[in-house]
Amino acid sequence: MSKVIFQHPQSLKHNTYHYCPGCGHSIAHRVICEVIDELGIRGVTIGVPPAGCAVLAYNYFDVDMIEAPHGRGPAMASGIKRALPDSIVFSYQGDGDLAAIGMAESFHAANRGENITVIFINNAVYGMTGGQMAPTTMLQQRTTTSPAGRKQALDGYPVKVCEIFSQIGGVTYLERCSVSSPAGVNKTKRAVRKAFQCQMDGLGFSMIEILSMCPTNWKMSSVDSCKWIDEVMSKEFPTGVYKDNIPDLKKNAEKIS
Amino acid sequence: MNKVLMSGNNIIGEAAIRAGCRFYAGYPITPQNELTEYMAEHIRKAEGGVFIQSESEIAAINMIAGASATGTRVMTSSSSPGIDLKQEGISSMAACELPGVIVNIMRGGPGLGNIRPSQGDYFQATRGGGHGDYRTIVMAPATGQELADLTMDAFDLADKYRTPVMILADGMMGQMMEPVIFKKPPPRNYPEKFMLRGAGDGRSKFIRGLLLDPIDSEEHNWKLYRKYEAVKKSEVHCDEYLTQDADMVVVAYGTAARIAKGAIKRLREKGTKIGLFRPITLWPFPERELRTLALKIKNYLVFEMSTGQMLDDVRLALQGYADIEFHGRPGGAVPTPSQLANVIAKIYDKID
Ligand SMILES: Cc1ncc(C[n+]2csc(CCOP(=O)(O)OP(=O)(O)O)c2C)c(N)n1
Ligand code: SF4
Ligand SMILES: [Mg+2]
Numbered sequence: 001m002s003k004v005i006f007q008h009p010q011s012l013k014h015n016t017y018h019y020c021p022g023c024g025h026s027i028a029h030r031v032i033c034e035v036i037d038e039l040g041i042r043g044v045t046i047g048v049p050p051a052g053c054a055v056l057a058y059n060y061f062d063v064d065m066i067e068a069p070h071g072r073g074p075a076m077a078s079g080i081k082r083a084l085p086d087s088i089v090f091s092y093q094g095d096g097d098l099a100a101i102g103m104a105e106s107f108h109a110a111n112r113g114e115n116i117t118v119i120f121i122n123n124a125v126y127g128m129t130g131g132q133m134a135p136t137t138m139l140q141q142r143t144t145t146s147p148a149g150r151k152q153a154l155d156g157y158p159v160k161v162c163e164i165f166s167q168i169g170g171v172t173y174l175e176r177c178s179v180s181s182p183a184g185v186n187k188t189k190r191a192v193r194k195a196f197q198c199q200m201d202g203l204g205f206s207m208i209e210i211l212s213m214c215p216t217n218w219k220m221s222s223v224d225s226c227k228w229i230d231e232v233m234s235k236e237f238p239t240g241v242y243k244d245n246i247p248d249l250k251k252n253a254e255k256i257s
Numbered sequence: 001m002n003k004v005l006m007s008g009n010n011i012i013g014e015a016a017i018r019a020g021c022r023f024y025a026g027y028p029i030t031p032q033n034e035l036t037e038y039m040a041e042h043i044r045k046a047e048g049g050v051f052i053q054s055e056s057e058i059a060a061i062n063m064i065a066g067a068s069a070t071g072t073r074v075m076t077s078s079s080s081p082g083i084d085l086k087q088e089g090i091s092s093m094a095a096c097e098l099p100g101v102i103v104n105i106m107r108g109g110p111g112l113g114n115i116r117p118s119q120g121d122y123f124q125a126t127r128g129g130g131h132g133d134y135r136t137i138v139m140a141p142a143t144g145q146e147l148a149d150l151t152m153d154a155f156d157l158a159d160k161y162r163t164p165v166m167i168l169a170d171g172m173m174g175q176m177m178e179p180v181i182f183k184k185p186p187p188r189n190y191p192e193k194f195m196l197r198g199a200g201d202g203r204s205k206f207i208r209g210l211l212l213d214p215i216d217s218e219e220h221n222w223k224l225y226r227k228y229e230a231v232k233k234s235e236v237h238c239d240e241y242l243t244q245d246a247d248m249v250v251v252a253y254g255t256a257a258r259i260a261k262g263a264i265k266r267l268r269e270k271g272t273k274i275g276l277f278r279p280i281t282l283w284p285f286p287e288r289e290l291r292t293l294a295l296k297i298k299n300y301l302v303f304e305m306s307t308g309q310m311l312d313d314v315r316l317a318l319q320g321y322a323d324i325e326f327h328g329r330p331g332g333a334v335p336t337p338s339q340l341a342n343v344i345a346k347i348y349d350k351i352d
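Chains A and B supply the protein sequences, listed in that same order. First residue of the first sequence? That's 1 in our numbering, and the numbers climb one at a time after it. First residue of the second sequence? That's 1 in our numbering, and the numbers climb one at a time after it.
One thing to keep in mind: the hints can contain errors.
Covered stretches of chain A (chain B as the covering partner; in silico rule of three or more C-beta atoms under 8 Å from a C-beta of chain B) [said to hold, decoys possible]:
| id | segment |
| --- | --- |
| 1 | 36-46 |
| 2 | 98-110 |
| 3 | 147-161 |
A few chain B positions that, by computed beta-carbon distances, are all more than 12 Å from chain A [claimed, not checked]:
| id | residue |
| --- | --- |
| 4 | T30 |
| 5 | E37 |
| 6 | A69 |
| 7 | T72 |
| 8 | N114 |
| 9 | M195 |
| 10 | A199 |
| 11 | G200 |
| 12 | K205 |
| 13 | R208 |
| 14 | Y228 |
| 15 | T243 |
| 16 | I297 |
| 17 | G328 |
In short, the hints are calculated from the structure, not lab data. Glycine is no exception: its CB is placed at the ideal position from the N, C-alpha and C atoms.
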C-alpha cells in the first residue's frame, strides 16, 4: 500500500503564482489550502482577500471569495459570517491593510469576538505599492518612504499587532508564526489549523500573524530574506502563542452541557 | 392593512424589515438615530435578522457589502457626514454589482454643519459620490407613505439591477410623524448564481472590483453603463401637481416639494396659476418628463434647501427651452410655506 505524503492541495488552483520568487504569500496560501483540505471545509469556506499583493488570491484559492476594499476585510467578513453563520470565513490581510488603514475594522471585529479567522501577513512593507513604509516596518529599516531608515521620532514605532490584540476581550486565539524556515512553515500550518478549528467550534475570533518574506522590496535574496526574519524581524516580533482561550471556552461549554 | 402613525425614520425601518431586509449595520448620527434604534429593536425579531452597530460608517457599508454577497437583503443608514465615509463602499458595491439600500437623512453641511434638515447632498448622491464611472439610483420620498413605498421598491430595484440604491431624505422627513399603510411586498426574485454561499461540491466563485487589464476594465465599465441606460429607460418617476393650467411651475423634491405644495395652495387661493413638478427619482432624473412639460409651460422656479444643485439637472433637461429661476435655503434653514409663497409670488409677478 502506498501512502500519499505530499500532493497539490485540492483547494489550491493550478495557476502559476504572480508573486515574486521567495515571497511568503505563496507559502501562506498553500498552508491555508492544506488546512482547508484537511478540515474538509472547502465547500463552506468564504475568503476575503485584501488590496495588497494578495489581491488576486481568488486565482489560487479554490473557495468562494470576495475582494474587500483596502483594510475593510474584517468588516466584510463580519457581514458574511453573521449573514451565513454556518460558513467558515477568513480574511487575508497585509500589514498596511490590517494595522494602518484597516486598524479600526480589525480591532472591532476582534473586540466583537466575530467568529472569523484573520490571516495577517506581516512583511514589514507595503508590497503591492512598491515598498513603502508599513506600520510594521522596523526602526532603521529603509523603505521608499523612509529612505534614511524608519525614525521613531518621525515615523513612530513598529506596530505589534499580536501584543495589542492579546488585550482585546473578544479574541480567542492569537499566534505569531513565520514562514522563513521549514520548521516555521510547519508551525504556521498547525496555528492556521488551530485557528480554523476554533472557528468551526464556534469559539470566536482567531488571528494568525505570519512573518513573511518580501525579497523584492527588502532588496535581498530569498535566502537572506529568510535569514532577516529569523535574525532581525523575529526579535522585534517574537513568534509564539499570544492568547489561547480555547481550553477555557471548551471547559465552560462542557459545564453548561 | 391598518393605517399606523410613525416617524419617518421608523417608517423606513419597518418598511425595510417587511421588504425582507435581514441585515442592517449603522453608526449613530443625528438626525437618523431613530432608524438605527428601530433596526436594533426589530430586525433581530425577524428570522435570521442581524443588527450590528458598527465602529464607523466605513465598516457599516463594508459589512452590508459582505452580507449582500451572501444573497441577504441589506441596508445601512446615516446622515451627510457619515454618507461621505460610505462612498468608498458604495463605489465598491457598484463595481462588484452588489445590491443594497443606503439611506441618507440629510443634514446641514458642509463639514459637520448642523443637524437641521437640508438638501446639500444632491450632487454627492446623484453624481456618484465615490470615485469611478458609476451611478447610484436615488429616490426622493416626500411623504411618510412614500418613505414606506419607496424603501420597499428600493430593495427590488437594487436586486433587479444589482446595484446600490439610495433613499435621499432629510431630517424633516426622518423625524416627522405621519400616517402610513405598509403595502404587501412582492416575493423576492434574486438568482442564487449571484450569491456567495460556499462552493459546496461545485465550482468556486469570486466577486471582485479590481480589473487590472484595461480592456477587461473598459468592458466592465461599458457593462455598467448599459445597465444604467436600462435604469434610465424604465425607472424614472415624478409627480405633477396643478400643472395643467399653470403659467409657472416650481421644481422641487422631498421636503422642499412639500413646502412648495403648501405655498402653491396658498397662491392658488389668490388665483395665481402655479404648479409643481416633483422628481421622485433624482437619478435617473425625469428629464424627458420635464422637457415635455416645457412644450407648454415656459417658466420654472427651482426651489431647494441648498444653494442650487438639482438646478443643474433642470438646466440640462430644459436646455434653454424655458426660463429658470432659483430660490435656495442652504445650511439647515427651512422656510415656511407662506415665506416661500412670498418668494414665488414675486417671481411670478415678473413673468409676462
Ligand atoms: C483606499 C486605498 N488606499 C490606498 C490603496 C493602495 N494600496 C493598495 S495595497 C496597499 C498596501 C499594501 O500593503 P500591505 O497591506 O502590507 O500588503 P502587501 O502588499 O505588503 O502584502 C496600498 C497602500 C488602495 N488600494 N486603497
Ligand atoms: S512585492 Fe513582496 S509581498 Fe509582493 S509579491 Fe513581491 S515579494 Fe511578495
Ligand atoms: Mg505588507
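Hint check:
1. For the segment 36-46 of chain A, the assignment as covered by chain B holds, since 5 residues bring a beta-carbon within under 8 Å of that chain's beta-carbons and 3 suffice.
2. Coverage of the segment 98-110 of chain A by chain B holds in this model, with 4 residues showing a Cβ closer than 8 Å to a Cβ of that chain against a need of three.
3. Chain B is given as covering the segment 147-161 of chain A, and this is violated because 0 residues of the stretch bring a CB closer than 8 Å to a CB of that chain, at least three being needed.
4. Under the 12 Å C-beta cut-off, the non-interface status given to T30(B) relative to chain A holds; the minimum distance is some 21 Å.
5. Distance to chain A confirms E37(B) as a non-interface residue, since its nearest Cβ pair spans about 19 Å, more than 12 Å.
6. In this structure A69(B) is not separated from chain A by more than 12 Å, as the shortest Cβ-Cβ distance comes to only about 5 Å.
7. Listed as outside the interface, T72(B) is inconsistent with that label: its C-beta sits roughly 4 Å from the nearest C-beta of chain A, within the 12 Å cut-off.
8. For N114(B), the non-interface assignment is confirmed: its Cβ lies about 26 Å from the closest Cβ of chain A, beyond the 12 Å cut-off.
9. Not every beta carbon of chain A lies more than 12 Å from that of M195(B), the smallest distance being close to 9 Å; the non-interface claim is violated.
10. A199(B), annotated as away from the interface, has a beta carbon of chain A within 12 Å; the closest lies near 5 Å.
11. Listed as a non-interface residue, G200(B) fails to keep its Cβ farther than 12 Å from every Cβ of chain A; the least gap is roughly 4 Å.
12. For K205(B), the shortest C-beta to C-beta distance to chain A comes to about 5 Å, within the 12 Å cut-off, and the non-interface label is violated.
13. Residue-level check failed: R208(B) sits 4 Å from the nearest beta carbon of chain A, not beyond 12 Å.
14. Separation of Y228(B) from chain A is adequate, the least Cβ-Cβ distance of about 22 Å exceeding the 12 Å criterion.
15. The Cβ of T243(B) lies farther than 12 Å from every Cβ of chain A, with a closest approach of about 45 Å, so its non-interface assignment holds.
16. Every Cβ of chain A is farther than 12 Å from the Cβ of I297(B); the closest lies at roughly 46 Å, confirming the non-interface assignment.
17. Residue placement check: G328(B) keeps its beta carbon more than 12 Å from all beta carbons of chain A (closest about 35 Å).
Violated hints, listed in ascending order, are 3, 6, 7, 9, 10, 11, 12, 13; each of the other numbered hints is respected by the structure.
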